[in-house]
Amino acid sequence: MSLYTIITKTPLSCNACRMEILSPLVAKKALPGQFIILRAREHSERIPLTVHDVNTQLGTVSVVYQVVGAGTRELDSLEAGDSLHDFVGPLGMPTETEGLQKVCVVGGGVGCAIAYPITRRLHEQGCRVHAIIGFRSRELVFLEEEFSRASDLLKVMTDDGSYGEKGLVTDALRALIEAGHRYDRVIAIGPLVMMKFVSLLTKEYGIKTVVSMNPVMVDGTGMCGGCRLTVGGQTKFACVDGPDFDGHQVDFDEAISRNRIYEDFEKREHEKSCRLFRQEVR
Amino acid sequence: MERNLSLNKVPMPSQDPRERIGNFQEVALGYTREMAMQEAARCLSCRNKPCVEGCPVRIDIPGFISRIAQGNMEEAYLILNRDSALPAVCGRVCPQESQCEQKCVRAVKGEAVAIGRLERYAADWYRQSACKLPPRPQPNGHKVAVVGAGPGGLTAAGELARMGYAVTVFEALHLPGGVLTYGIPEFRLPKSIVMEEVEALKRLGVEIMLNTVIGKTLTVDELLEMRFEAVFIASGAGLPRFMGIPGESLKGVYSANEYLTRINLMQAYREDAKTPIMRGNHVAVVGGGNVAMDAARCARRLGAQEVSIVYRRSMNELPARQEEVHHAQEEGIIFRVLTNPVRVLGDDKGWVRGLECVRMTLGEPDASGRRRPVEQPGSNYELSADVVVIAIGTSSNPLIRLTTPGLETDRWGGIVVNGPDGLTSRERVYAGGDVVTGSATVILAMGAGKDAARAIDRMIRAGQAPDETMM
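These protein sequence lines map, in sequence, to chains A and B. For the first sequence, numbering that gives the first Met the number 0 begins at 0 and goes up steadily by one. For the second sequence, numbering that gives the first Met the number 0 begins at 0 and goes up steadily by one.
One chain only, chain A, in its complex shape:
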């Protein structure tokens, strides 16, 4: 079998997909919170994706992606049995889980794929874990069962109320805190705006909050500096110092602005790839 073979490819919801990739060296080392960088084909972009799961016996690493641009569309064009051109990791520092007694894990959208292994690890360590997972609507919900098994309490939220409770993850988090739950940590993984508002909320209550940042990145090994963030007034590099940071210290507005650098390029590329895709289908 060649390097980086795709062992399984499983749709999780209407827009999230799980890919299990053979990479024994990475599988041996990867811990929740770390990420990998892959390239689908020879001239593809380097795409950083946080590790969703590992199987050390099979030597596989799973990632979850959603098709958001040309790069992920190209990845999505590969099927089980195909091979990725490149796969490197594990990169970044693992999420700190040691010694925690009671944690609320908050996941938003595709970020739930990363929140899940952290939830499971905390659960396995005997920590009391509450999980709040949020999606835009019913057809986007995934991993509900897995979260349910790995947590002591699970809240599923949808923006439109088509499934679970209607509302934002911050509504559920506030309700749990107000109901008297005392968390020694909140771990939030999802869109930047969600992590920003979770952090603002927990700051009110003085609960230490860790967020998983996903800035623009090229090499992911501490060389390019593209992934820099301002944390507590200092420049930090998500690839080697993170991707986890203290949510109360992160300059989210700057991070949100920087994540839009290539929006126009991505839109163009996405349209281009959609046109190509339609031609191929025809």
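Read the hints as simulated data drawn from the structure, not as lab findings. One or more hints might be untrue.
[Claimed, not checked] Below, in silico cross-link-like pairs of lysine to aspartate or glutamate (EDC-like), each with a Cα-Cα straight-line distance of 16 Å or less: (1) B:Lys348 to A:Glu95; (2) A:Lys266 to B:Asp271; (3) A:Lys271 to B:Glu270; (4) A:Lys27 to B:Glu247; (5) A:Lys235 to B:Asp220; (6) A:Lys28 to B:Asp220; (7) A:Lys28 to B:Glu221.
Guided by the hints, dock chain B onto chain A, whose structure is given.
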């Protein structure tokens, strides 16, 4: 053969500046056979060979030049290759004017012999002529690991492979070459040359493991457990340095590392590229080294109308190779020297719109012996820019330092070595190149790789390594 007494080098043919700013093809086109033989005839074949003293890998310079003068190109190459694993690269990127050519006797009156151009000629000739491959060395049964497939690592790998070692090079990126691939642009060093040099090493038996980050995928200690008898760390420089001025997080501010990696490694200059780059109309590059020149010249080729080098000292202190400065000037790069940025200016959407600069004068010499730049109070002015590239060097990469217990590092995070051998505070672990010195040159990294390879060979042959258990 008649000696050529001209005071000047045979000029290097190059792409016309007006044409080349529209492409990424190589600028310097290389000598013809006649030009090379004519230039080689300028060498006096001095008995004491001062040029060799100036070469970090001590190539027999008069030796290879005399073969070119005789028209024996194959032998010229073989002499080069005895001491340099990457002659086609060095001929293009070495700062010859401050090394071999600086010591050339011909430079006392007139220009030095064009050693770099001749090196390039012989190496290119060899690649283009179907010469028979050098015999694969007899394996000696020993294994060595090299961390990083840049100039230092590849040189060490080549040296060791030629001595019969089984060498595995571990590279973090998806392509080998290190700075030769991600940093130095195509128009100065075509990537096909780098890949051919790497192929030549593979033919010697060197194995290259891409996508493997030492300090993450595997640690140095794991390499030692995998029965590598020595590890040579040549992982290069690390995180880019920023100036610490306001506005460096605005959209449009790049480190030179990121800017050049997007362009070179990810080929963002190509129309069909999958990796984006902000092209910009007014590009300001902060810094005066080779990396700054590379970034400025890339910006020009990406279509910028105005590209400036912003440098706080004067033209005389620019650390870049003369040829790069000269080429940049030909390409219309504006040199705003004695100028220091104090703030990056942004618009209300977070995009760069300019650079606030202050004028400088040169004061008394500082510790480095260069005259210290001093701000002229009240001389602030605004330079319009939509892309700013910061090319002021790098600091150390933490990955190996943090995962190798007992590895001594200095206060900047660079690995401490015991002098030219490159031995670190850990037994059987050697280091060289930028990871030791901080940002320096390709040839210095190559020199360190060569020295470390020889030290590793001595150590293994002396049986200092516990090789009864290793064999």
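The hints, checked one at a time:
1. B:Lys348 to A:Glu95: violated, 35 Å
2. A:Lys266 to B:Asp271: The hint holds at about 15 Å.
3. A:Lys271 to B:Glu270: holds, 13 Å
4. A:Lys27 to B:Glu247: violated, 38 Å
5. A:Lys235 to B:Asp220: Distance of about 28 Å is beyond 16 Å: violated.
6. A:Lys28 to B:Asp220: Holds, at about 14 Å.
7. A:Lys28 to B:Glu221: holds, 12 Å
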